[in-house]
Amino acid sequence: MSLFDHLVIFPVLIPFFVAVALLFPGLSNSLSKQRVVSITANILMVVVAFSLLFKVEAQGIQVYALGDWSAPFGIVLVADLFSVLMVCLSAILGLAVTMYASAGEDKTGAFFHTLIMFQLMGINGAFLTGDAFNLFVFFEVLLIASYSLMIHGGGKQRTQANIHYVFLNLIGSSLFLFALGTLYGTLGTLNFADMADRIPLLSSNELLIAKSGALLLLAVFGLKAAMLPLHFWLPKAYSTTSTPVAALFAIMTKVGIYSIWRVHGVIFGDQAGELANIALPWLWPIALLTIAIGAIAVLASKSLRVLCSNLVIVSVGTLLVTISLNTVQATSAGIYYLLHSTIACAAMFLLAGLIQQQRGQAEDRFVAARAMPQAGILGFIFALLAIALIGMPPLSGFVGKALILQSVTNASEAMWVFPIILVGGLIALIALSRAGTSLFWRTNGENTSALKGHPLQYLAIGLLVVILPLMVIFGGPVSDYTQLAAEQLKAGLSLQQLNEVAK
Amino acid sequence: MELVYAVCVGFMSTCGIFLMLRGHTFTLVIGLTLLSYAVNLFLFASGGLTIGAPAVLSSSENYADPLPQALVLTAIVIGFAMTAFAVILAMRGRADLGSDHVDGIEPFDPLAEDKSQ
Numbered sequence: 001m002s003l004f005d006h007l008v009i010f011p012v013l014i015p016f017f018v019a020v021a022l023l024f025p026g027l028s029n030s031l032s033k034q035r036v037v038s039i040t041a042n043i044l045m046v047v048v049a050f051s052l053l054f055k056v057e058a059q060g061i062q063v064y065a066l067g068d069w070s071a072p073f074g075i076v077l078v079a080d081l082f083s084v085l086m087v088c089l090s091a092i093l094g095l096a097v098t099m100y101a102s103a104g105e106d107k108t109g110a111f112f113h114t115l116i117m118f119q120l121m122g123i124n125g126a127f128l129t130g131d132a133f134n135l136f137v138f139f140e141v142l143l144i145a146s147y148s149l150m151i152h153g154g155g156k157q158r159t160q161a162n163i164h165y166v167f168l169n170l171i172g173s174s175l176f177l178f179a180l181g182t183l184y185g186t187l188g189t190l191n192f193a194d195m196a197d198r199i200p201l202l203s204s205n206e207l208l209i210a211k212s213g214a215l216l217l218l219a220v221f222g223l224k225a226a227m228l229p230l231h232f233w234l235p236k237a238y239s240t241t242s243t244p245v246a247a248l249f250a251i252m253t254k255v256g257i258y259s260i261w262r263v264h265g266v267i268f269g270d271q272a273g274e275l276a277n278i279a280l281p282w283l284w285p286i287a288l289l290t291i292a293i294g295a296i297a298v299l300a301s302k303s304l305r306v307l308c309s310n311l312v313i314v315s316v317g318t319l320l321v322t323i324s325l326n327t328v329q330a331t332s333a334g335i336y337y338l339l340h341s342t343i344a345c346a347a348m349f350l351l352a353g354l355i356q357q358q359r360g361q362a363e364d365r366f367v368a369a370r371a372m373p374q375a376g377i378l379g380f381i382f383a384l385l386a387i388a389l390i391g392m393p394p395l396s397g398f399v400g401k402a403l404i405l406q407s408v409t410n411a412s413e414a415m416w417v418f419p420i421i422l423v424g425g426l427i428a429l430i431a432l433s434r435a436g437t438s439l440f441w442r443t444n445g446e447n448t449s450a451l452k453g454h455p456l457q458y459l460a461i462g463l464l465v466v467i468l469p470l471m472v473i474f475g476g477p478v479s480d481y482t483q484l485a486a487e488q489l490k491a492g493l494s495l496q497q498l499n500e501v502a503k
Numbered sequence: 001m002e003l004v005y006a007v008c009v010g011f012m013s014t015c016g017i018f019l020m021l022r023g024h025t026f027t028l029v030i031g032l033t034l035l036s037y038a039v040n041l042f043l044f045a046s047g048g049l050t051i052g053a054p055a056v057l058s059s060s061e062n063y064a065d066p067l068p069q070a071l072v073l074t075a076i077v078i079g080f081a082m083t084a085f086a087v088i089l090a091m092r093g094r095a096d097l098g099s100d101h102v103d104g105i106e107p108f109d110p111l112a113e114d115k116s117q
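Quick mapping for you: the protein sequence lines, in order, are chains D and W. Residue 396 in this note's numbering is what sits at position 396 of the first sequence, and the numbering runs on without skipping anything. Residue 5 in this note's numbering is what sits at position 5 of the second sequence, and the numbering runs on without skipping anything.
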């Protein structure tokens, strides 16, 4: 066996080992060394993620049985087109965030780079795992890292937002375990492929118990994804935490969305017999309401970071719509939109950090303040990102939304989806134009004392921004890829197939 | 035995949820601890309750499902770490915000005001 055969586990192992290495005396007492190691590790992760992507594209699904214990007895990692794409996304985001933080924001507290690495390990693990309990473990890894990252740098507001975030998620974790216990009690397995095989065979008195377990899981994933009644923690948490952390958290809600897709879109999807698509009647209204409430909150936002947090909620709602449309076409469009919205929101959070830094006391609030020293370049990036987030041509937001609207074929569904998504876009247009004018044009005097942006910060934002036009220029290959990923996801994977691939 | 076990788990969850709804970090931590005890017992029972049987395959015919025990072990460790973090965070919140209410300030309570008059 060559090292290449173990590629699937590398996105989990690399951050783990780097995180531990950063704690050792040689590195822990020198921030500059930590930055070098951390950025190098992130570049390595991008390389590994993309080589895994090419491998999966060439050879099909990769299954990695840990300790060579075959499923369902052992735990497996499954790298299919969708999960590998998400790993690539988290690697790129991790690189941008680490570069941005290395310009100085990692100084405000201890162990920043270690925590980022643990967070990436949890995120990658959650994407790659093929086992529900292992998903819980990786959720906990990414959560405990995010608890400490969110409070990084300290401050009253952060402590307060963190109390809500931590306790809500702890309750969520308990419910997750209740759901897993319920499902294990009825199905006798927690391997995703094996669960999918056994759900159609459930006897009628077990159906109700399995159903309650599945819907409990929906609530748990919904809490992570910030879907409607469970989204109140998000704006405060994302807008008070430090800039790089907020940008990294742009992918955290997507972990919840990804899990809903895997569990409720596939395992309890079309092939689940009596329990087929049990989550859909709930998801459909919730998705539309999430967009509506998110859009109203966007209009009411008083600072750029709060506005951006609310845009995250709108994007979550849009993704839930593509899940509840439940076709290959919609799933493909959803995956494209997921890529776009994660990158655009993360870049906007990073930009908001720079704007906050250069506006002094006014921070990123929409009030008149002294002009920023680098207003030209910041304004240009803001305009680009605003175009992407609103969904105007020529950037990827437009393509994403067009694909989603195109995938709505049913007239009764179109009646709801079209107006809500389009009006949501219009509201984003109004809110972002107002934000841009008050941040860049309502100025009095020049702020000469403000700290200018570090080149690394601009490089980090540039790395994310440049992906948006690339997703349009290479729109053909990217949407072909998401189409294949959606077909693979929807086709599901039985235990037999899983074990054949593992051999 | 199943009935006693189920009632215990249910009672503990009820107490946990009641305490968590109180809105103060101290009661929240106690409530979370109770809920995580309840969930540990619940997970343990998810493989069925077997008496007097080992959890490993051996010469005897009877054996208990070993997986829930492994799950519970993991859940205990994780729950323990999370509770420790929650306690520290609660103390930090009390120090930073000057109140142990989860919102940082005591909400307006009309009954309390009536008493003072």
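Treat the hints with care, as some may be off.
Claimed, not checked - Looking from chain D toward chain W, a few residues come up when the C-beta cut is under 7 Å (computed): (1) Q157; (2) Q160; (3) I163; (4) F167; (5) L177; (6) G185; (7) F232; (8) W233; (9) D480; (10) Q483.
Claimed, not checked - Derived list of chain D stretches under chain W, where covered just means 3 residues or more per stretch with a C-beta under 8 Å from a C-beta of chain W: (11) 61 to 67; (12) 282 to 294.
These are calculated hints, taken from the structure and not from any lab test. Think of the CB as a built atom: it goes at the ideal place given N, C-alpha and C, for glycine as much as any other residue.
To see whether the hints hold, each was checked on the structure:
For Q157 of chain D, the interface hint is violated, the least distance from its beta-carbon to any beta-carbon of chain W being 9 Å, above 7 Å. Hint on Q160 of chain D holds. Least Cβ distance to chain W is approximately 5 Å, under the 7 Å limit. Hint status for I163 of chain D relative to chain W: holds, with the closest Cβ pair at about 5 Å, below 7 Å. Interface restraint check for F167 of chain D: the shortest CB-CB distance to chain W comes to about 6 Å, inside 7 Å, so the restraint holds.
At its closest, the beta carbon of L177 of chain D sits 4 Å from a beta carbon of chain W; the interface hint therefore holds under the 7 Å criterion. Given hint, G185 of chain D at the interface with chain W, holds; its Cβ is 4 Å from that chain's nearest Cβ, closer than 7 Å. A cut of 7 Å between beta carbons decides the hint on F232 of chain D: the least distance to chain W is about 12 Å, and the hint is violated. With its C-beta approaching chain W no nearer than about 11 Å, W233 of chain D sits outside the 7 Å limit, and its interface hint is violated.
Residue-level restraint check for D480 of chain D is violated (minimum Cβ-Cβ distance to chain W is 40 Å; threshold 7 Å). Against a cut-off of 7 Å between C-beta atoms, the interface hint on Q483 of chain D is violated, since the closest Cβ of chain W lies about 37 Å away. Given as covered by chain W, the stretch 61 to 67 of chain D fails the check, having 0 residues with a CB less than 8 Å from a CB of that chain where 3 are the minimum. Note: the stretch 282 to 294 of chain D has 0 residues with beta-carbon separation from chain W under 8 Å; the three-residue rule is not met and the coverage is violated.
Comparing the model with each numbered hint stated earlier shows that hints 1, 7, 8, 9, 10, 11, 12 do not hold.
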